[in-house]
Amino acid sequence: MENKYVCSVDIGGTKIATAIMEYPADGSVPHPVFEAEVPTEAQEGGEAVFQRIEASIKAALEANPDVEVLGVGIGAAGVVDPKTGAIAYANEIMPGWSGVQLGPRLREDLGLPVAVVGDVQAHALGEAHWGVGKGKFSVLCLGIGTGIGGAYVENGRVMQGFHGAAGHMGHIECSAAAGIPCACGRSGHLESVASGTSIGRMYDERFGRVDPSRPSVGRDVNDLCRAGDTKATEVIHDAGFALGASLGSLANILDPEVIVLSGGVIHQGPDWRSQTWKDSVHEGYASQALDPLQDTPILIGSLEGDAPLIGAAEHLLASLK
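Under my numbering, the residues of the sequence shown are numbered 1467 to 1787, in order.
Calculated from the structure, these hints are not laboratory results. Among the hints, erroneous ones may be present.
Stated by the list, open to error - Capping the alpha-carbon separation at 25 Å, the derived lysine-lysine pairs in DSS-like fashion look like this:
hint: 1; residue 1: K1787; residue 2: K1744
hint: 2; residue 1: K1787; residue 2: K1470
hint: 3; residue 1: K1524; residue 2: K1470
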């Protein structure tokens, strides 16, 4: 049995990461043997972003001429049409990205199998197959960064939904966010109080900016919290409780074997070592989860930046079966 290779791409609002992922014959965790990043330059529009993606893939393949890839797996920002791999919808962070025929055009141009899935769905697939969710029947994964997204993986398969839009868990109703505008144009959503951006905004609204020269972000507030600042501790507690309560509601619907938290806020902001953050998430979860679900483990993702690249590769491999 030989090693297998997949070209993986993670497309976000700020960067495009491209890798050649190696699947060792011994069954150990896949890893990149080549990796490169370029800025997304999303403001240039969807066609310019597409050209940058295609150029990145071609550069990765040309840099590894001795590697025969099975295809290209992509985790993409926005809502992906599960039937074609086209971008069905994207918000203002990616202007002109809606409607880009990502999968169909790349298949034609590259002459390779191409499978496209949402970026957070790719992240969840990575953690479910090779991270802390490995060996679990069902995994609920939330990615918490500038915004909040999520995905549910059951028996190794990510639930994409009929329109490919499943997993927008940052846009569920949250009582703590009542009346607060959300980036989606509505109000009262979890993302408005528990994302990194929102944690910084809440601190500024209550107590003024940490640094007068710029809006605060989640990391600023976390640093103050870990230093014992009571005002920052209050904000971190409120954000963590809101997140936990929403996790409890989601668990009541999905009954996952494990819940996995990942993303910039988890790995770089209010980290799991912060007792305030950890306790408030569990406190919020306990307030909403049904009794049989109270002991559902809430874990921190182990793959970090490799998760979406591994997950995109997994999506490609599943499409070939």
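Review point. Of the hints stated earlier, which fail here?
Key: 1
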